[in-house]
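Student: Read off the chains here:
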Amino acid sequence: MGPGSEQGSEGRSDAADVAIRRAASRPFLLRTEGIAAGYGDEAAFEEVSLEVFGREVVSLIGPNGAGKTTLLRCLAGILPLRQGRVEKAFGLRMSYLPQRLSFDRLLPVTVAEFLSLRLGRPFFRPGWAKQERVESLEELGVTSLLDRRLGELSGGERQRVFLAAALAKRPQLLLLDEPATGVDLLGAAAFDALLHRLRDRDGLGILLVSHDLHLVHHISDWVYFLNRRILASGPPKEVMREDQLAAAYQRFPHPG
Amino acid sequence: MDFLSYDFLRRALSAAALAGPVCGFLGVFLTARGMAFFSDALAHTAITGVALGLLAEGAVEFWFGFALPPGLPSGLLILWCLGAAWLMASLFESARWRPDTVMAFCFTGSVAFGVLVLGKLGRYGFLEETLFGDINANSWGDVAVLGAVTMSAVIVLGRRLREFLLILLDEDLALADGIPVRRLNRILVLLVAAVVAIALKLLGALLVSALLVVPAAAARLVAPNLRLLLVFAGIGGFLGSVGGVILSFYLDLPTGPTIVLTQLALLLIALGLQPLLGHRRRSQSRGSAEATTSQSIWPSSESR
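Heads up: the protein sequence lines correspond to chains A and B, in order. Positions 1 to 256 (UniProt numbering) are the ones given, in order, by the first sequence. Positions 1 to 304 (UniProt numbering) are the ones given, in order, by the second sequence.
Calculated from the structure, these hints are not laboratory results. Just so you know, even glycine gets a beta-carbon here, dropped at the ideal spot from N, CA and C. One or more hints might be untrue.
Computed, partial: chain B to chain A, Cβ under 7 Å [unchecked claim]:
no., residue
1, ALA32
2, ALA36
3, ARG162
4, LEU165
5, LEU166
6, LEU169
7, ASP170
8, ASP172
9, ASN225
10, LEU229
11, LEU271
Label-pair ranges, simulated between beta-carbon atoms [stated by the list, open to error]:
no., chain 1, residue 1, chain 2, residue 2, range
12, B, PHE37, A, SER154, 28 to 38 Å
13, A, TRP128, B, LEU277, 17 to 27 Å
14, A, PHE90, B, ARG162, 46 to 56 Å
15, A, GLN99, B, PHE8, 48 to 58 Å
16, A, LEU119, B, VAL154, 51 to 61 Å
17, A, ALA24, B, LEU87, 24 to 34 Å
18, B, LEU87, A, ARG241, 16 to 26 Å
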């Protein structure tokens, strides 16, 4: 199933054009062909084909239980595929930011230690994080948090630390799972600006899972609507028309 | 230092000095991952291992007329514990039962079987030593085996410390970083098994898990960061077990219980020290209270 294949019939040729223009003259960072995965006997999603290019923000939207997070975990290499294949650009550097970490909140691990572990720096001498000026740490205001414990940070501060760690690995593709759920990440506006800066300045491809349709609408270059399968894809102003979303959510009411 | 003139005490002290720090260190991983009961269950399954060791010793002596070299029965015990740990870990993954169910039937089964074998061998009196430990139990051969296990545990943990710690923080992130999480989890389980097996003779099956759990729990109270948590847990394990052996000698107390109570005394000291380090905690923000309560079913101290 190619991008835009489930658009309304009158919009088909337009959508196809847009898809061709999107792919023109640049190689993909990541492409999946008919992948499926799940937990236990049940498939969380199936027949998913999508592409992410460099220098674009791609969003994955859909109701609860649509398989968005599972799909992202699959692309990050956490969950094995059942079917299909994933092609990656040669030597692709990918960073994944989970919705939340499952770590023991009472474990006394400091931000500097966390960064040392994530970035493969000397764990017993975490002073490097203060001496070196790491761009992503400064950009996200993490340098003032280095001696604090992860467990005592606020939700927003913690999210910023995780994002800074993900970015410090200098990824070409960033996988973000619900980066702005109810946290004071940076303030919504600053978050938009950050993502666009990463896209335009650093040429990152960003694949974003989000419930926040408003955010997705003005942040994304391309949107996939997922409900166990890809039901629609295209630029946000086409996929995210109210009538289409309503129809899609109605046709596939979320399970449970 | 007159106690060093006794050979049995030198053996016990060497065993304590070797097993204590490694147990404390491993305990950090165990407690952070909710595996404290696992070490306890494993220690109980070891009773069968002890019984089988005695059986092998008796059988060899009866059929072939020579005694097994010292240290071989504890080698057998280690193998048994490794096997039991591997089996339990596999059953956890098969997801047919919940982990605590698996542990419950594995350890009750092993205790039952072990006691049966001991009874048949006419070595029922050996049970007390197996359950509560004995200062005299470790031969120099055992201490050598203990040293070898300790060394390999230190090497494995030291080489892959970063990976183990990343898994401790979040398995998903570790997987996304390409760390072989499943394999390292298995290695951790096997390390715990080996360490439980070697510390068993000194502390006994009922008490050995305290050596893993208590130093890490105490270190958590006072350690400002993860590096010092690891260091403190190791030091606590050393002090508690060596101190416990010395105390049990001077006060003529059973060794295993004395070590455990010494460890617990260290825990209480850490608890007393905690308010003195309170300045570290004052900077806690609202976020922490919410995060703590979500982890635990008990109300946290902040919300009370």
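Student: Which of the stated hints cannot be reconciled with the structure, identified by number in ascending sequence?
Tutor: When the structure is compared with the hints, numbers 2, 11, 14, 16, 17 and 18 turn out to be violated.
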